[in-house]
Amino acid sequence: MNVLLIEINPFAPVSPPISLGYIAAFLKSKGFGVKILTLGEDASVSPAGLKKLITSFRPALVGLSAYQRTMLYVIGLAKFIKSVDSETKVAIGGPQATFMPSDGFAQLPDIDYVSRSSGEQTLLCIARAVEQGHPFSGLSGVSYKNDDGIVQDTEELEGFSDLDQYPSPYLTDVFDYSRMGEAIMLTSRGCPHHCIYCYTPCAFKHKVMFHSIDRVLEEMTWIRKKGVKRFWFADPNISHKRSRIEELLDGILTHGLEAQMWLQTRADLVNLEMMKKMKRAGVRTIAFGLESASERVMPEIDKHLSIEKVVEAIRLAQSQDIEVELFTMFGLPNETFEDAMKTLAFVKENNVKIMGNTNSQQMQIYFGTPMARHYKDYHIRPLNTERPAYISIGCQYETDHMSTDKMAKVQNMWRSHSLDRGRRIVS
Amino acid sequence: MHTRALQRIYVILDKQDREQLEALCRILSDLFFYTELTSNLYMVAEDLAEGMPQVERIQKQVTSFLRANLFARIYVHFIHSAPQGNTEEMDFYFQYYYQNWKRVTMEFDREAYMHQEVPRLMLLPLIAPSSHTNPAALMELLGTLKSAFLLPSLYLDWGTFHQAANEEHVAKAEKIYYGPGNNSEKSEIVCSLCHENIVHETSARLDSNPASMMEACPAAVIISTSDGMIYPCVDAFVRKESLANIYDAPHVDALMAQYDGYLASQRDCQACRDRVVASFSDLPLPKGATHELSDLLYHFGTLHQEAENHVLAAERYEKSLKLSPAEEAGPIHFRLGLSYANTGRYDQGLESFGKAKAMYQDQYYFHFYTGLCHFQKGDYGLAIGGFSKALDMDPQQEDLVRILIYLGTCCNSLGDYEQAVVQLERAKQEAGQVKEIYNTLGFSYFQLENYDKAIENLKVAVELDPSSAIDYASLGANYRERGDTDMAVAMYERALELDPGLAVARENLERLRDHHV
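Chains as they are written, first to last, in my numbering: chain A, 1 to 427; chain B, 1 to 517.
The shape of chain A in the complex, shown without the other chains:
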């Protein structure tokens, strides 16, 4: 049986969809035929081409990555797929899906499943059910709609805590290396912290799961052999375990991989020795989460990180000639316009270039985050009470201190200082 996995994002260039890559590798290892399709802003794919693909490949199941920003396009794709073959089952997964309210799911007539648990296991469960001709039997980790259109939830599916049990999308050549400018690595999943705006800790229940370093190095070596030099580590906090990051960097140096790396971590998880080793191993850019430079605002967002620590981390990176990016947001609880300006001033004073990920953005309130669940407690006032139930508050809110006009003003201030007119690379 064939499974088609699609990631659509009309606002960004095509890049390797690492999550779909894992799912594809896992399903392939279980005997399914799998194709991945990435529909980025530079994808030369038309509806005619898409129809041709579906009619020739004949997937019995299509999985779509769902993000708030692309939800409209996901819905459109699902509708299109059903118009080509109404028997094809459609599942969505990803950040928008995991915690989507059931009444939101109920408003999506062309979507049959919403994945609530680990993507690999959940899709496998669905694929097996579809293959056996009972698409809605014996399911776990999903919500689905019964014949009356009523949403049914199933029990959770536990993912592997040892990530090595998932086959590698790189070592199984799931991706087309010929067009790969940069490899996205995910050496760990999850985050133990409690930042109120973030989906990841909630999705992974504040746990972190790891790949072994041997596996990571094997992948990197393979990717280098394929001619790809740049690596983007998507781990939320790659230096979560100090000994682990040391081992990884030592391995990169020992293997002589000559990689160029971007990675991100918390500012309180680095030290000078680590920075030196990062530099030697090929780290070009390190991103830290600052969020706000206001002492008033930081306690509100539960990040438990001091601004002094961020300053120190920036200095350490800059001392080793590693480029620094800072993730910041505005429209945070209790944040005034002046607080937002402090953040901008902080970034400038610390000689961090305002471009790429350092371009600030308004805080987005997504499903599953503490902010979304308790927005009233944070004095968040949603502005659009008619939004569809499958769309979260997102950016349509005001706070006690910041109206939409003020937030627009903050955005414009950042843009006027931006070296790339506010174009952000990753969210």
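Among these hints, one or two may not hold up.
Said to hold, decoys possible - With a straight-line Cα cutoff of 30 Å, these simulated DSSO-like cross-link-like pairs (lysine-lysine) come out:
#: 1; chain 1: B; residue 1: K357; chain 2: B; residue 2: K389
#: 2; chain 1: A; residue 1: K406; chain 2: B; residue 2: K172
#: 3; chain 1: B; residue 1: K377; chain 2: B; residue 2: K389
#: 4; chain 1: A; residue 1: K409; chain 2: B; residue 2: K287
#: 5; chain 1: A; residue 1: K145; chain 2: A; residue 2: K51
#: 6; chain 1: B; residue 1: K146; chain 2: B; residue 2: K102
#: 7; chain 1: A; residue 1: K79; chain 2: B; residue 2: K175
#: 8; chain 1: A; residue 1: K406; chain 2: B; residue 2: K146
#: 9; chain 1: A; residue 1: K409; chain 2: B; residue 2: K175
#: 10; chain 1: B; residue 1: K287; chain 2: A; residue 2: K406
#: 11; chain 1: A; residue 1: K51; chain 2: B; residue 2: K60
#: 12; chain 1: A; residue 1: K52; chain 2: B; residue 2: K60
#: 13; chain 1: B; residue 1: K60; chain 2: A; residue 2: K82
#: 14; chain 1: B; residue 1: K175; chain 2: A; residue 2: K353
#: 15; chain 1: B; residue 1: K287; chain 2: A; residue 2: K353
#: 16; chain 1: A; residue 1: K409; chain 2: B; residue 2: K102
#: 17; chain 1: A; residue 1: K79; chain 2: B; residue 2: K60
#: 18; chain 1: B; residue 1: K175; chain 2: A; residue 2: K406
#: 19; chain 1: B; residue 1: K172; chain 2: A; residue 2: K353
#: 20; chain 1: A; residue 1: K30; chain 2: A; residue 2: K205
#: 21; chain 1: B; residue 1: K435; chain 2: B; residue 2: K453
#: 22; chain 1: A; residue 1: K229; chain 2: A; residue 2: K277
#: 23; chain 1: A; residue 1: K353; chain 2: A; residue 2: K409
#: 24; chain 1: B; residue 1: K146; chain 2: A; residue 2: K409
#: 25; chain 1: A; residue 1: K309; chain 2: A; residue 2: K277
#: 26; chain 1: A; residue 1: K348; chain 2: B; residue 2: K287
#: 27; chain 1: B; residue 1: K172; chain 2: A; residue 2: K409
Honestly, the hints are just simulated from the structure, not real lab data.
As the structure is a prediction and not an experimental result, all values here were calculated from the model.
Since chain A is already given, all that's left is putting chain B on it; use the hints.
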């Protein structure tokens, strides 16, 4: 998926009857199914009043398509001449035409708001002012359009470039397009728009993958409603190589198959890109654009230079220089110098090399080429200076031999035959099998009256190149001077067999024969 998805559709609107307009709408409706998920529709009309009814009719097809395909996005560009009139009249135009046009987007604006995204349908008026356009009224219109989220752009040509100097216009326009024409004729505008897209896309390829310049540019079609012809790219449009006539109701699958066939056919896309880039170089583009263009012109100049098409290479480098920031001009000056040198323009070559000196003076090949220009001009003393400097800088092996040969030749020209022998004998040590070393040494030794050595070297020269008549003639001269008349005659005769017109061989042979008699 074999068929390339269309990124752009251009429509040149003319007066059409109802049937023709419906035929156009049908083909567009079918073509949308073959466009990229985000695509652009450009509709060029003479003016607002004539074009808007057609645009609104076509727009119905756009909205139908977008309603049925929720993952698709279309930017609709309506290009027309600026309405004429004063500020109050502009207000009328806005209310009567543009605002009505905008109404169709309401459902998409709401959809965008609900999904916290930019609208899937964007209306983008592109206005071409004329020299008669009231600047204040135009500015008023641009401001009104912008506030209604009808993001306006300007199209300027030679008659209206000066308007780009108006900062208020520039601030209110989303973008300014430049065209090389002088009267904003519709076909010319479409070509300019296509070309500008090609320039930007080519620039992106230069950054990411220069080898891909040979590939076709992003898929687009041009439809001319005056005759119904549909063209697969702007180059085909200019050459009038159409795919089909839309008024014959071609089936879109067959049309796209023909399109694929056209793309697969032998076309020189790189040459087209080159021409397009060159055509933009005279336009008064803003700084960022000129820099981009300069890089492209340099790239294409280098391709021409590598193909030894030095005339075109020089043209491209000259254009590149005009647009390049001074601090980046070094490489352009150097390569321009090379092309000048290769086309006999030695003085210009030296001037260009002079401007590249700061960047290249530590490179041996810089001094070599400078020396070569002097050599070609007959300034052998200066040439020796250049060649000697190059020699002192440890040149690569193949260049070392060339430098030594040139040095030997310069010395010969200046009468310093002993020094010539020193250089050429060294060249012989470095690379034995080069004919020029031997025949030049033959000359040097002849001048030094060392006929045995001259003959020894010339014999090698003719072994290496048995067809070299002049070297046989030189052998003849050396045998003659040595008193070996029979051998001299034989050599001259051999030279004349190879080249009956070789005057020096014929004259010397006659003299020898007369003397013998």
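Outcome of the hint check:
1. K357/B with K389/B: holds (13 Å)
2. K406/A with K172/B: holds (23 Å)
3. K377/B with K389/B: holds (19 Å)
4. K409/A with K287/B: holds (28 Å)
5. K145/A with K51/A: holds (25 Å)
6. K146/B with K102/B: Roughly 12 Å between the alpha carbons, so the hint for K146/B and K102/B holds.
7. K79/A with K175/B: With Cα atoms ~35 Å apart, K79/A and K175/B exceed 30 Å; violated.
8. K406/A with K146/B: holds (21 Å)
9. K409/A with K175/B: holds (23 Å)
10. K287/B with K406/A: violated (33 Å)
11. K51/A with K60/B: Holds - the C-alpha atoms of K60/B and K51/A are around 23 Å apart, at most 30 Å.
12. K52/A with K60/B: holds (26 Å)
13. K60/B with K82/A: holds (25 Å)
14. K175/B with K353/A: holds (27 Å)
15. K287/B with K353/A: holds (23 Å)
16. K409/A with K102/B: holds (27 Å)
17. K79/A with K60/B: At roughly 21 Å apart (the allowed maximum being 30 Å), K60/B and K79/A satisfy the hint.
18. K175/B with K406/A: holds (27 Å)
19. K172/B with K353/A: Judged against 30 Å, a Cα distance of about 28 Å means the pair holds.
20. K30/A with K205/A: holds (27 Å)
21. K435/B with K453/B: holds (15 Å)
22. K229/A with K277/A: holds (18 Å)
23. K353/A with K409/A: holds (20 Å)
24. K146/B with K409/A: Holds - the C-alpha atoms of K409/A and K146/B are around 19 Å apart, at most 30 Å.
25. K309/A with K277/A: holds (20 Å)
26. K348/A with K287/B: Since the Cα atoms of K348/A and K287/B sit roughly 27 Å apart, the hinted pair holds (cutoff 30 Å).
27. K172/B with K409/A: holds (19 Å)
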